[in-house]
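Using the hints, position chain B against chain A.
Chains as they are written, first to last, in this note's numbering: chain A, 1 to 245; chain B, 246 to 490.
Some hints could be false.
What the hints assert, rightly or not - Rough simulated footprint, nothing fancy, chain B against chain A, three-plus residues with beta-carbon under 8 Å:
1) 6–18
2) 31–43
3) 205–211
4) 223–235
Said to hold, decoys possible - Derived Cβ-Cβ restraints for the label pairs, each shown as a range:
5) A:Glu-93 - B:Gln-264: 32 to 40 Å
6) B:Lys-287 - A:Ser-186: 49 to 57 Å
7) B:Pro-379 - A:Gly-191: 20 to 28 Å
Since the hints were derived computationally from the structure, they do not count as laboratory data.
Beta carbons are placed, not taken as given, at the ideal position from N, Cα and C, and that holds for glycine.
The lines below spell out each chain.
2 protein chains.
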Amino acid sequence: MRNFKMIVEYDGTGYCGWQRQENGLSIQQVLEEIIQLITQEKVTVIGSGRTDAGVHALNQVASFRCNTRLPAETLFRGLNGLLPHDIVLKALEEVAGEFHAQHDVRGKIYVYRICNKSLRPALGRNYFWFIRHPLDLILMEKAAQYLIGTHDFSSFCATGTQVKDRTRTVTSISINSGEDGLLEISIEAQGFLKYMVRNIVGTLVEIGRGQRPPAAMKEIIDSCDRNIAGPTAPARGLYLKEVKY
Amino acid sequence: MRNFKMIVEYDGTGYCGWQRQENGLSIQQVLEEIIQLITQEKVTVIGSGRTDAGVHALNQVASFRCNTRLPAETLFRGLNGLLPHDIVLKALEEVAGEFHAQHDVRGKIYVYRICNKSLRPALGRNYFWFIRHPLDLILMEKAAQYLIGTHDFSSFCATGTQVKDRTRTVTSISINSGEDGLLEISIEAQGFLKYMVRNIVGTLVEIGRGQRPPAAMKEIIDSCDRNIAGPTAPARGLYLKEVKY
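Looking at chain A on its own, in the form it has when it is part of the complex:
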C-alpha cells in the first residue's frame, strides 16, 4: 500500500478541531471524505496531533495509506480543487511505508497571536486574541525563560486529561512585536500537552499585565497544579506552525 504525507493549512474557525467527532465537522473528516471521493478508497488520515476547535494550522502534517494508482501531483491538485476554502494542501508527496505522521514527530512549533492595543479591531478578529490592557514584553520574556527545558508541565495541562507523564521539553520561546499592536509568541517543544500553549499564554499575559511577577512562573511550574496557573487563552489566536520529523 502506498503512503502519502501532506502539509495542510487550515482556518479552524468553522471546525470542531482536527479530530473526528460525533457532534461537529472536523478537519480530519473533511480530508478523509475528499480523499475517498477521489481515490474511491476509505482512508484514515493521521495528523501529527490534534488541534482544538477554532485553532488554526499553517503547516499541519498528516499521512494516509492508500492503494490509488494516481500520481501524487494529480492527487494534490485534485484534492485542492475539492477542498473547501478554509482548508488547503500546501504539499503532498509519496513517502516510505514506515512514515507515521504522529509517531515520528520530533518537535513542534506553535505561534500565538495577540492584538494589544486600546481599541478592539473589527477586522480579522478570528485570528488573534485582543487584549486592551498594555502588556509589558520585558516581564513576559523574563517569565518565559523559566519554561525552557524539561519540566513536569502539569500546571499547564487541561484538567481531566488522562495522560500520566506530563514531562515535556520546551526548546525555545520567543515573543516578537509587530505593527499595529500585534504580538507573536512562538513556542517550540518536543511535545505538548492538551491546552499547554494556551495555558502558558494565559499565564504570560497575566504577568505582562503586571498581575504577577515573572518569578511566579517558576512557582507555577513547580506547583504542578493547574489551579495556580493563569486562564486558558482563546483558541482563535493559536496556530500550529511547524512539525519536525
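Positioned in the frame of chain A, the structure of chain B alone reads:
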C-alpha cells in the same frame, strides 16, 4: 439638536453593505439600532457613502443628529460596548451642526488587497482577492497612470446606475507589494462611482496578467463603455481607508 461624527471600522463579510435594505442586515441599521438603544431616540445615521456587501471599512465616517444629554465619551464607550464584534467605533465627537458626513466629503481613499501566489491561502480569505497567475506590477503601474486626472469613468461604472454625470477626478493610484504575495492598490479620488474601484482593479489585473497592454487602459476610458473594461473584482478585497473633509 446635537450633531455627532463617528469613525467606524467594520468587517463587511456578514453584511449586505452600508446602506439599510429590506432583505439583509446593514452596517447602517446596526448603528442606528444601537444608538437608539442608548439614547432612546430614533436617529438616522448618514455615512460618507455606501459600501457594497462584503466590502470592509478601516475608517468610514458617519454622522447623526440627536438630543441626548450624554457626553460624547460616554456615547463612544457605550456604543462600542453594545456593537457586535465586527463593527467598532474608532472615534466619536460632537461637531458643528452644519457638518454632514455625505455632502461635505472632499475625497476618499480606497485600498484593494490582492494575494498573488501560486497556492490559495486557507487563512484570511475574506480579506483579499486571491489570484494564482503571476501579476506584472510594472504593467499595472503603467496602466494606472492613465486613470489619474479628471475623466468620464463610465467604463468603470456599474451597469444600470442612474447617475448621469460620470466625470470623476482620480488624484493618485499606487500599487505596493508586501510579504507573502500581498499587493495593495490604493486609489484616491474626489468621488467614486458604484463599483468603480472594483472595476478598475479587475481591469488592472487583466493588464497585470498580460492579457492586454497597459495602453489599453486609455482606450477603455475613452470608450465610455462598461463592456470594454475588465470584470468586477470581488468585494472582499476592498477597504474604505479614509474620508477627507
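Evaluation of the provided hints:
1. 6–18: holds (count 3)
2. 31–43: violated (count 0)
3. 205–211: That given contact is violated, which follows from only 0 residues of the segment 205–211 of chain A lying within Cβ reach (below 8 Å) of chain B.
4. 223–235: This one is violated; 0 residues, fewer than the three required, reach chain B with a Cβ under 8 Å.
5. A:Glu-93 - B:Gln-264: 32 to 40 Å: violated (50 Å)
6. B:Lys-287 - A:Ser-186: 49 to 57 Å: holds (51 Å)
7. B:Pro-379 - A:Gly-191: 20 to 28 Å: violated (40 Å)
Going through the hint list in order, the structure does not satisfy hints 2, 3, 4, 5, 7.
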